[in-house]
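Undergrad: So the chains spell out like this:
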Amino acid sequence: MALAIDDVRRVAQLARLRIEDAQAAPMLAELNTILHLIGEMQAVDTSGVEPMSHPRDVAQRLRADEITEPDRRAALLALAPRAEAGLYLVPKVIE
Amino acid sequence: MQWEIVIGLETHVQLSTRSKIFSGASIAFGAEPNTQACEIDVALPGVLPVLNARAVEKAVRFGLAVDATVNRRSVFARKNYFYPDLPKGYQISQYEIPIVERGSLEIVLGERSKTVRLTRAHLEEDAGKSLHEDFHGMSGIDLNRAGTPLLEIVSEPDLRSAAEAVAYGKTLHALVRWLDICDGNMQEGSFRMDANVSVRPAGTTDFGTRCEIKNLNSFRFLERAIEYEARRQIDVLEEGGTIRQETRLYDPQRDETRTMRSKEDAHDYRYFPDPDLLPLEIGADSLHSIAQSMPELPGAMRNRFVATFGLTPYDASLLTTSREFAHYYESACAGLSGTTPKLVANWMTGALAARLNESGCDITQSKVAPEQLRALIGRVADGTLSGAMAREVFEALWAGEGEVDAIIERRGLRQISDSSELDRLTDQVLAQNAAQVADYRAGKAKAFNALVGQVMKVSKGKANPQQVSEILRRKLALPGYFLPGA
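Chains A and B supply the protein sequences, listed in that same order.
Residue numbering for the first sequence follows my numbering, starting at 242 and increasing by one per position.
Residue numbering for the second sequence follows my numbering, starting at -2 and increasing by one per position.
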């Protein structure tokens, strides 16, 4: 499977990355190299091998359902470019 | 052409934990904005999510309750999209291997019941809230809700009408409260539904193109949105058009659905396993101890009420809408047999439910205790009280006037069942209503009811109407008895 230039633009759009036209062609070549490698790996017979979702072979540890985090609103809001009335302010978005 | 409506529902159930699914911040509703959003919830670099054990336990309880497969190993995945109330740029959810798969839910519609198959239920985190009031042309973001634990429950497209969808929604709502995994508060968004709706010619088996209606937070909106959307799709198809797959929003003010986004710009979420979270494993021991802690389920209790108390499935389903209501019923029925439990059911779903509704109380706040209701019904069964008198005693109980027998004494509500007294009253009425007696004898059945009514009137409502009817019938059957002028 090989990508076309439109796939590169679409993936970039989904990832909110700006790709200039001059960058799109080299990017396409690089992505296709990666896909080629994946193609080679997919050719390996993996029947009977359990799919791996994490490289470490241990299970998730759980925490007790307790409230441990204090209110740090002032400190966290101070990190934002703009805040008001206890809210983070962002450019207007209406879906 | 006859059309069939096909509906599947996705329900977001907020799990009633104290803290968030991946952080130790509180999820209490109504806090000042951003006071319950810690470093993990606002996605500062370098933080790591740690899974809440209680959220896992509640998801497992649901899986066991719907007879589903609880996956002993499930995987968290990142669902990638960009929106300001999702600070990480992805939502942690489950994709390929959810915690719960398959299962089913039985719904009751009138005297009919139906099994709805479930596809899956997976754990995920909620997003924050965007406030679009004007902040100098900007939007305000409150991240208190970000990271609130959700269980998304997906049904198969097994529902065939808005009424079935509502029955499913209500059954699921009752179940999650029954299991104590969700507070069920729909105003606060603890239980939100999305409906996938399509139509097809009746008798065909292929699915039509579906539209998804988002964020229905009441059963009334669910019903009306589906009805509107099905009508819209049928109109389009009957005019020779085609349905576009899209996401639509229901507008309660205008009672219509409208396009939110079409498939062309639908999100491609690029799911992949979240490297920050190891696979979730549920050990045999914890599975066993959760199974041990399960209450009797509403479906089982419903069937038991039908078998033990002779109720209809519909009445039994009304009584099992909540654990508290069902427990009230069982307490009120303690030691009763025969048809009396059916009377208790009628009182609970009638007068008591009406009173609770009016006063905005739930059953635990009822001003009439189960023992009092049982005593009241006992006095109806033994003939002391007529229906109307029982209603009066019930209102007096609700008003806190004391115990049943004391109220009956104080208000002089004893029904007249003494036959010599009833003899006297019926003789009096027959003597004074010669015309109606003649009418009755001439075959006018209505005249009989008028005579019963007269006896009730002279007894000031205290005569036992059944006994009055019997006595009147007997007397009127005697030839020559109370002939005019006799």
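Just so you know, not all the hints are guaranteed correct.
As the list claims (entries may be wrong) - The following label-pair restraints were derived from C-beta to C-beta distances:
| no. | chain 1 | residue 1 | chain 2 | residue 2 | range |
| --- | --- | --- | --- | --- | --- |
| 1 | B | Val233 | A | Arg304 | 44 to 52 Å |
| 2 | B | Asp180 | A | Ala315 | 27 to 35 Å |
| 3 | B | Glu236 | A | Pro332 | 39 to 47 Å |
What the hints assert, rightly or not - Cut-off 16 Å, straight-line C-alpha distance, at most; resulting in silico cross-link-like pairs (EDC-like, lysine to aspartate or glutamate):
| no. | chain 1 | residue 1 | chain 2 | residue 2 |
| --- | --- | --- | --- | --- |
| 4 | B | Lys211 | B | Asp180 |
| 5 | B | Lys211 | B | Glu406 |
| 6 | A | Lys333 | B | Glu130 |
| 7 | A | Lys333 | B | Glu7 |
| 8 | B | Lys211 | B | Asp191 |
| 9 | B | Lys457 | B | Glu392 |
| 10 | A | Lys333 | B | Asp131 |
| 11 | B | Lys443 | B | Asp424 |
Simulated from the structure, these hints should not be mistaken for laboratory data.
For glycine and all other residues, C-beta sits at the position ideal for the given N, C-alpha and C.
Undergrad: List in ascending order the numbers of the hints, as given earlier, that are violated by the structure.
TA: 4, 5, 7, 9, 11
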